[in-house]
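*Asks:* Here's the letter readout for the chains.
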Amino acid sequence: MNDQTLFSIFFSAMVVNNFTLAMFLGLCPFMGVSARVETALRMGVANIFVLVLTSLSAWVLNTYILETAPYLRIISFIIVVASLVQIVEMVVKKIAPVLFRQLGIFLPLMTTNCAIFGLAIFQTNRGYDFLQGIVFAIGAGLGLTLALVLMASIRETSELSDIPAIAKGTGLTLIIAGSLSLAFMGFAGLL
Amino acid sequence: MRTTTSTQDFVRGIWKENPVFVMLLGLCPALAVTNTTMNAIGMGLATLFVLVCSSALVSLLRGVIPKQVRIASYIVIIATFVTIVDYAIHAISLELYNALGAFIQLIVANCVILGRAESYASKNRVTKSVVNAFGIGIGFTFALLCLGTVREVLGSGTILGYPLFGEAFQPWVVMVLPAGGFLTLGFIILGMGVYEQRKQARAAA
Numbered sequence: 001m002n003d004q005t006l007f008s009i010f011f012s013a014m015v016v017n018n019f020t021l022a023m024f025l026g027l028c029p030f031m032g033v034s035a036r037v038e039t040a041l042r043m044g045v046a047n048i049f050v051l052v053l054t055s056l057s058a059w060v061l062n063t064y065i066l067e068t069a070p071y072l073r074i075i076s077f078i079i080v081v082a083s084l085v086q087i088v089e090m091v092v093k094k095i096a097p098v099l100f101r102q103l104g105i106f107l108p109l110m111t112t113n114c115a116i117f118g119l120a121i122f123q124t125n126r127g128y129d130f131l132q133g134i135v136f137a138i139g140a141g142l143g144l145t146l147a148l149v150l151m152a153s154i155r156e157t158s159e160l161s162d163i164p165a166i167a168k169g170t171g172l173t174l175i176i177a178g179s180l181s182l183a184f185m186g187f188a189g190l191l
Numbered sequence: 001m002r003t004t005t006s007t008q009d010f011v012r013g014i015w016k017e018n019p020v021f022v023m024l025l026g027l028c029p030a031l032a033v034t035n036t037t038m039n040a041i042g043m044g045l046a047t048l049f050v051l052v053c054s055s056a057l058v059s060l061l062r063g064v065i066p067k068q069v070r071i072a073s074y075i076v077i078i079a080t081f082v083t084i085v086d087y088a089i090h091a092i093s094l095e096l097y098n099a100l101g102a103f104i105q106l107i108v109a110n111c112v113i114l115g116r117a118e119s120y121a122s123k124n125r126v127t128k129s130v131v132n133a134f135g136i137g138i139g140f141t142f143a144l145l146c147l148g149t150v151r152e153v154l155g156s157g158t159i160l161g162y163p164l165f166g167e168a169f170q171p172w173v174v175m176v177l178p179a180g181g182f183l184t185l186g187f188i189i190l191g192m193g194v195y196e197q198r199k200q201a202r203a204a205a
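Respectively, the protein sequence lines represent chains U and A. Under this note's numbering, residues 1 to 191 are what the first sequence spells out, in order. Under this note's numbering, residues 1 to 205 are what the second sequence spells out, in order.
The hints are simulated quantities; they were obtained by calculation from the structure and are not laboratory data. Here the structure is a predicted model, which means the values were calculated and not measured. Cβ coordinates follow ideal geometry from the N, Cα and C atoms, glycine included. Don't take every hint at face value.
Unchecked claim - A short, non-exhaustive set of chain U residues, derived as facing chain A with CB atoms under 8 Å:
#1 Phe7
#2 Phe11
#3 Leu21
#4 Thr63
#5 Tyr64
#6 Ile65
#7 Ala69
#8 Ile75
#9 Ile78
#10 Cys114
#11 Ala167
#12 Thr170
#13 Gly171
#14 Leu174
Just chain U, same shape as in the assembly (with noise of 0.2 Å):
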């Protein structure tokens, strides 16, 4: 049990700790589907509702069936986030097949998103309990589609600015989030 206030968990998650920029998790999509700002705002919402959805799994095994064997913990959170990526993609491409298209290989991907499984081990390692893992999560989400959208928004200028042959693609992505992250650095005090 932990006894750290829903806020501070919230906002921890959000800005001070945020997952992509201060922890380094969900990289791969944070640098793949994030050339567009609508793109990257669907993606992090397709990921909140992911990450929710796998606190609460992860909540639940954590609670009555891994406490006899802690062992299986990592076999099992990976078996749970795969089947919630397929049946997140399943439902995305029934009520919005733009956007699974938009999307891409990046949405099956999800299932070695870091962040997602990350989300299950931490919330076990700090032992946050059902609502706190809930909040958690919205926090993580937030965090993540925060941070998309700054790099989205970010990229999509840079691309009519006059750079570098050179500098074009990754590694200037690289250096963009880097300076975000540093920007971020500045809420370390906040907590």
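Here the structure of chain U is known, so what remains is to put chain A in place on it, guided by the hints.
*Replies:* Showing chain A alone in chain U's frame:
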């Protein structure tokens, strides 16, 4: 797929298809734990072990696993080896275990490993898969080592914990912080871009 000799298979993973610098896979652990050289080596070796073992097993079972459930099966295989590594590191060095934290367990979500299982081990003989996985694993460790060394030397003025400069050295604290990871990798990739461009220009001339 072209047939390649084992040496080519091995070397390709280290430089031409380096998982971190070229394919940009497995960035999360590559940036998160590389604030010291020691952590980078530990993480690299742990990943190497999981990569080689899971590639071998996937390759052995490639005739048995049905196509529809292959990804799930690979993940379970990988998760098994990650659990082994997790407990092994916990038993061998508590210090390293605490420094790497949740990132040992997060090896399971490292796309390099699943990528190898899906694109190579599931289609090739055991020896070939192991050699390929070994090359990629060494390439991954090498990349982590580069990042870790640069960040430790600049960020705390030490290497493997031994002081490198005199008292007057002012460490670049930013290098051991998260931002330093992004910046270091960004500059390494920019540098590689410049190198490739020069090489192409020379080849064209």
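*Asks:* Hint by hint, say whether it matches the structure.
*Replies:* Evaluated hints:
1. At about 23 Å, the closest approach between the beta carbon of Phe7 of chain U and any beta carbon in chain A exceeds 8 Å, and the interface hint on this residue is violated.
2. Given hint, Phe11 of chain U at the interface with chain A, is violated; its Cβ is 18 Å from that chain's nearest Cβ, farther than 8 Å.
3. Given hint, Leu21 of chain U at the interface with chain A, holds; its Cβ is 7 Å from that chain's nearest Cβ, closer than 8 Å.
4. Look at Thr63 of chain U: its Cβ only gets to about 19 Å from chain A, farther than 8 Å, so that hint breaks.
5. Below 8 Å, beta-carbon pairs count as interface contacts, and Tyr64 of chain U has none with chain A, the closest being about 20 Å; its hint is therefore violated.
6. Hint status for Ile65 of chain U relative to chain A: violated, with the closest Cβ pair at about 16 Å, above 8 Å.
7. A hinted interface residue such as Ala69 of chain U counts as satisfied when its beta carbon comes closer than 8 Å to some beta carbon of chain A; here the least separation is about 11 Å, so the hint is violated.
8. Interface hint at Ile75 of chain U: satisfied, since its Cβ lies 4 Å from the closest Cβ of chain A, which is below the 8 Å cut-off.
9. Interface hint at Ile78 of chain U: satisfied, since its Cβ lies 5 Å from the closest Cβ of chain A, which is below the 8 Å cut-off.
10. The closest approach between the C-beta of Cys114 of chain U and any C-beta of chain A is roughly 4 Å, which is under the 8 Å cut-off, so the hint is satisfied.
11. Evaluation of the Ala167 of chain U hint against chain A yields a held restraint, the C-beta minimum of about 6 Å falling below 8 Å.
12. At its closest, the beta carbon of Thr170 of chain U sits 5 Å from a beta carbon of chain A; the interface hint therefore holds under the 8 Å criterion.
13. Interface restraint check for Gly171 of chain U: the shortest CB-CB distance to chain A comes to about 4 Å, inside 8 Å, so the restraint holds.
14. Contact between Leu174 of chain U and chain A, as hinted, is supported at the beta carbon level, the nearest pair being about 3 Å apart and thus within 8 Å.
Hint check: violations occur at hints 1, 2, 4, 5, 6, 7; the rest are consistent with the structure.
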